[in-house]
Structure formats: structure tokens, C-alpha cells
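Protein chains in written order, with our numbering: chain A, 344 to 692; chain B, 344 to 692.
Hints are computed from structural coordinates only; laboratory data are not their basis. In this text the structure is predicted, and so the values were computed from the model without any measurement. Worth double-checking, as some hints may not be accurate.
Unchecked claim - To give an idea of the chain A side of the interface with chain B (calculated C-beta under 8 Å), a few residues:
(1) P606
(2) R626
(3) F629
(4) G630
(5) N632
(6) V633
(7) V635
(8) H636
Stated by the list, open to error - Label-pair restraints from in silico Cβ distances:
(9) L576(A) x S421(B): 29 to 37 Å
(10) G538(B) x E370(A): 41 to 49 Å
(11) R423(A) x G445(B): 50 to 58 Å
(12) N399(B) x R443(A): 55 to 63 Å
(13) G445(B) x L654(A): 38 to 46 Å
(14) D569(B) x G454(A): 20 to 28 Å
Unchecked claim - Derived coverage of chain A by chain B (criterion: at least 3 residues anywhere in the stretch with Cβ under 8 Å from a Cβ of chain B; other residues may be distant):
(15) 431 to 445
(16) 616 to 622
Note that the Cβ used here is the ideal one computed from N, Cα and C, for glycine as well.
There are 2 protein chains.
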Amino acid sequence: MPSMRATIIHGGFDVRVEDVPDPVLLEPTDAIVRVLLSCICGSDLWPYRSTTPRRNGPGRIGHEFLGVVEETGRDVASVRPGDVVVAPFMWSDGTCPHCRAGIHTSCLHGGGWGSDRVDGGQGEAVRVPQADGTLVAAPVEPDDERLPALLTLSDVMGTGHHAALAAGVGPGSHVAVVGDGAVGLCGVLAARRLGAERITLLGRHPDRIAVGRAFGATDVVTERGDDAVARVLEMTDGLGVPHVLECVGMQSSWDTAVAIARPGGTVGYVGVPNGLESGLPIRAMFGNNVSVHGGVAPVRAYLPELMADVLSGAIDPSPVFDLELPLDRAPEGYAAMDERRAIKVLLRP
Amino acid sequence: MPSMRATIIHGGFDVRVEDVPDPVLLEPTDAIVRVLLSCICGSDLWPYRSTTPRRNGPGRIGHEFLGVVEETGRDVASVRPGDVVVAPFMWSDGTCPHCRAGIHTSCLHGGGWGSDRVDGGQGEAVRVPQADGTLVAAPVEPDDERLPALLTLSDVMGTGHHAALAAGVGPGSHVAVVGDGAVGLCGVLAARRLGAERITLLGRHPDRIAVGRAFGATDVVTERGDDAVARVLEMTDGLGVPHVLECVGMQSSWDTAVAIARPGGTVGYVGVPNGLESGLPIRAMFGNNVSVHGGVAPVRAYLPELMADVLSGAIDPSPVFDLELPLDRAPEGYAAMDERRAIKVLLRP
Chain A
344 MPSMRATIIH
354 GGFDVRVEDV
364 PDPVLLEPTD
374 AIVRVLLSCI
384 CGSDLWPYRS
394 TTPRRNGPGR
404 IGHEFLGVVE
414 ETGRDVASVR
424 PGDVVVAPFM
434 WSDGTCPHCR
444 AGIHTSCLHG
454 GGWGSDRVDG
464 GQGEAVRVPQ
474 ADGTLVAAPV
484 EPDDERLPAL
494 LTLSDVMGTG
504 HHAALAAGVG
514 PGSHVAVVGD
524 GAVGLCGVLA
534 ARRLGAERIT
544 LLGRHPDRIA
554 VGRAFGATDV
564 VTERGDDAVA
574 RVLEMTDGLG
584 VPHVLECVGM
594 QSSWDTAVAI
604 ARPGGTVGYV
614 GVPNGLESGL
624 PIRAMFGNNV
634 SVHGGVAPVR
644 AYLPELMADV
654 LSGAIDPSPV
664 FDLELPLDRA
674 PEGYAAMDER
684 RAIKVLLRP
Chain B
344 MPSMRATIIH
354 GGFDVRVEDV
364 PDPVLLEPTD
374 AIVRVLLSCI
384 CGSDLWPYRS
394 TTPRRNGPGR
404 IGHEFLGVVE
414 ETGRDVASVR
424 PGDVVVAPFM
434 WSDGTCPHCR
444 AGIHTSCLHG
454 GGWGSDRVDG
464 GQGEAVRVPQ
474 ADGTLVAAPV
484 EPDDERLPAL
494 LTLSDVMGTG
504 HHAALAAGVG
514 PGSHVAVVGD
524 GAVGLCGVLA
534 ARRLGAERIT
544 LLGRHPDRIA
554 VGRAFGATDV
564 VTERGDDAVA
574 RVLEMTDGLG
584 VPHVLECVGM
594 QSSWDTAVAI
604 ARPGGTVGYV
614 GVPNGLESGL
624 PIRAMFGNNV
634 SVHGGVAPVR
644 AYLPELMADV
654 LSGAIDPSPV
664 FDLELPLDRA
674 PEGYAAMDER
684 RAIKVLLRP
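Could you put the whole structure together from the sequences, leaning on the hints where they help?
In C-alpha cells form, the structure reads like this:
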């Protein structure tokens, strides 16, 4: 059986690049995509850092990739062999009621990469289920220099955009972004793209802050916890910020996000909720009418619109990648992100 | 010193109607209102049922009342002695940035009834701080038969309206209302008023369901917990309801509200969050992009609009009152509501 290389997670702090069988079409709605670029997500660090043994043993990992269509099932109509395509971080049929409503992440016939019999994205090739609903073709050549920027549409840029939309950002908005990871930085860029006038980034890593400023942050708050809250309130005459993007998902970031929100304001959230020991700060939310809007980003819904802006040069989210490695060195990439030596790692098969 | 009667809470299950001094103007922005009607709120039952000793001893209680202006401070311009006025359940200046944004409950110079030196509403008269920002005059006589309907604008009808607005209810909406208390029932009426086409009430008390049906509920689900969720999903082809009103504030009601929400849908919530042992169901919210919107209702913002509809006869929320007592029998009213023998109790001084 012909084989290829792919990243396999074996357990906590144990990812390896190994030989796996080449993918083959299983359903008439499948496509096989030869990966040009993939990358490591902050959310990949959750299983990477987990000390719980994996229930189903080692498994494929990675949910952000773009590549060239190699082969399609007989029912696939929207993409053809040779097309450069971007895959969103979940696959979906594009036709169920939830997809039609723009919530592709709740697709009745969709799912995630690297689950069950479905390939992960950090490999040389991927079998893509529901190819018509999932893949978006980009009118570029496989050596286009904008591929890294297009790859961010697979997750982080679409996710930052979801946070900004969920928070109700629009022309003239004052926005605060909690978190300087790749998603938070993309949230800054998305807020600027939507017309925000003032963008306050809460973060404390100089390299990330530099990217945030380049993306449009007008203010930076490097304090944490209560000090960060006091600083933001001081900057807003004690009133708080109407649009807050929660891009971390931890207890401390949630507490900060709600505490700096203006009464009647909205927290747009996209950070995978992890380690929320005491839950959302519901009493503060209730007392101040702070709304909470967001969740897992249906980036498929945003892909065409954001792709047009990447291709026109209106946005370039690619600076979130600050380390590029060949696929075989994926384990180094995980370590670099885990140790915060890299914001986001690009993998080239 | 001239005296009057007012309801005083001494501790758990111990409210008494006692003699207290007549109120006097303390600030030039105050008004004295002679109470025509007040009532007991579901949220009054939280201190009533509390077994923790009261930190500051016995205190005035009640935050819903309407009456006749008796006297005004020299800076009060919007109401005059003789006016019939409705008081919202919190007082506010009407001019601070939060009031101007319609979030009067976060007024920088406002507060609640029955706190510190501020009177409670379940008495014969009340000193109203910030009278211009707080009171809304109703063009009726003190013996108007619509007074009970107007009194609901003090809290429950405005609160139900807030839940419906927060949930994004509009013409043609499918709405689910979790909770058949006075606020849930008003949520049904508010949803119908906003044009909802299908209103599913989750409740199980026949007397309350009857009011809910009269207010516009098109379906009733009497199951609870997982059975209620299964029933609602069955009614919606497994998709869930786009607009859910959470009108209770307990763990079980929250879990139900989020579980029946359609992916991408919104939970409008107004139930005072109490006993949320495990917090909001954040993982379900995240996975399904269910938004949470609402909080303590800024009913002052809605009073003029809802008052017009009460006076025109477009809405009549007064059926939420199913027991009327003279003020001196307020303790019986508390017991009746605590034991669920009454939905909501009207008190007439």
C-alpha cells in the first residue's frame, strides 16, 4: 500500500511524524487533497498538554490545511483536480438547515478532522468528506506567495472575524481584545477590517504586541487581572468597552473580559472554554447586561468574503506565522508553541 | 412624628407590616409618592427564603409600586403633585451615559429600593430619589381600572419584554419560554406583542399555563429536564428553537434553555441567577454558538412604550395577579407565593 507522512499524536507531549497509508476515496462526495501547507493551532496544544491517556490510542492531528485537489468522488461538482483549495477546520455538507443558516460547525452531516476515520490536516494528503460543502477553491497557483495568508482562513482569521462579528463590532467601534495569541491578533485585524476606530489589545508578549500593532491595535494593556481591568476602566472614564473579544477561554481571561465590558456591551468569544473552574461570571454579566455571543467559529461561512480580501491585499494575516518547519519537524513546532517561543507554526510537507 | 404602615423583612420567612415614619424630601431631586398599589415579586422570595441572618437588621422591602405624587423637591420638573406615576424597580437619573444608552439599571447615580436609606415599595408612601429620571406619569385617574396592568410595567412586564428583546424575538419568530412564573408569562405576552408566530411555554402549573395560553402561548411543554428537551427537539425536527427566554435563573432552567436553543440561536435571560451550581452550560453554548443576552431588565427604558400599549388596550398583563390583599396582610401574600398558591400578589394600602 502506498504511504505518506503524517503527524500522529500518541499522548501528552508526544507527537510523531510517521508513515500512514495514502488516502483513498471512500464516498462519492469525497475529495483527496495533496497538502501544500498546514499549521499547528493553539487548540492542538490541549491534547498535546493532556496527561490523560488517549481513549482510542494514537491518532491523526491537525485541522488547518490547504492544498491541491488530486482526485474527486463522482458526486463532487464544485472543485476539480488541480484546484488550490482551502479547508475550514471542520467539514460540512453546506446544505443542511444549520449550514444554510451559516452555522456550518453544527452541520448535521459534518465533523472534525482527525476524528474517527477522518484524516488530520498535518500530513501530506487528506481525504476530505463532503468536499462540495467544505472546500473553497482559491484562484491561485500552488506556488502563490499568499498561501500562508490564505491558510489563516482555515481557522484563526475566520475565528478572529467570528469573535469581532459576535461582539457586534462595526464602523467607529471601541473594541478590546483579550489575548495576544494568533486568534486574538486576528481579532484585532478583523475588528480593524470591520471599521473599529479604537482597538485595545490586552497582552504582554512584545513579539505578539508588535504584530497586534501592525494589525491595527491602537492601545496595548500589558497588565493582567485586576490591574488590567483598572487600566481599561481608567482609559474609558470608568464606563468600560462596548465590544470585547475573548480569545483565550480561561477563567482569568473571561473574568477580565466581562469586567471590562461596558454595561449593555457584548463579549464575543471564541476561545475554547478550558479550565473555567468557576464558570462564566454570571452575576457580573446579569448586573451589567453584558451579553455573551460566539462559540466555535463557522469559518466556512466567512471563507469566500475573507479570501477576496486576502487576494486583493486588503488584509494579510500571515504575520501570525513566525516559525516555518518542514512537516517532519512538526514535534519541534509543538514544543515551540507550547513553550511560547512561537505564535503559530507553519508546516510544509 | 407622623407615621404610616410598611412591610419590613426581619429574616427568613419573617415579614411584618409595621409603623414607620412618613417619608420626607431629603434631596431637591426627590419626590414623595403615596402608594396606590404595590406587589410582591418572585425575587422578594430570595431574601424571604434565606436562612442567613440579615447583615443590617430588619429592612424595608418591595420594589414594584405606583401611586400619586404628593410632594416634589425643587429640582423635580417632570412630575407634579397629583400625577399618577409608575416607578421602575430601580431608580436612576436618566442622564448618565448608561441611562442614555438605555441601561438604566447601571445608572451611575441610581440604586435599588429598600437599600440603605431608600424606602421599599410595599408601604403607604415612598421617597423616590432622582424623581425626574425614575418616575413615569400615566395620564389616568387614581381609580383607573388599568392600574394593576400599569403596575406590571414596574417590573414583570418590562422584564418579560427585556427577555424577548434580548432573545431577538421579532415578527414570525419561534420562541420558547422557560418558566411559568409571572415573568415567564409576561415573556409570552411580550413575544406575542413583538410578532412571534409560535410560542412554546415550558411550565407545569395548570393555572399558570391557562394565563400563558391567554397571553399567546401556542404550545405547552409540561415535561421537565431531559424529557422537556427531547419534547422540544421533537417539535422542531431536532433543530431546536431560535429564541429562548430563560425566566427562572436556576441550574435546571438554564440547562434546559441552552439545550433547546437552535445552533446560532439566542437565550434571552432575566431570571436572577441563583443556585447555578455548575454555572452556565458553556460547552454546549460554545459548540452550538448559542448566545446569552440579557440581565437585570432596564424597565425604565421600556415604560413609555409599554404604557402606551396598556392604555390603548393592546396588552393587558394584569392576569398575572391572581391574589389581592390589603397591605396589612402582606405576610399572607409572601406565604402564598412561597407555597406557589399564587402567581403574584397585589397589595393595596
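### Message
Run through the hints listed earlier and report the numbers of any the structure violates, in increasing order.
### Response
none
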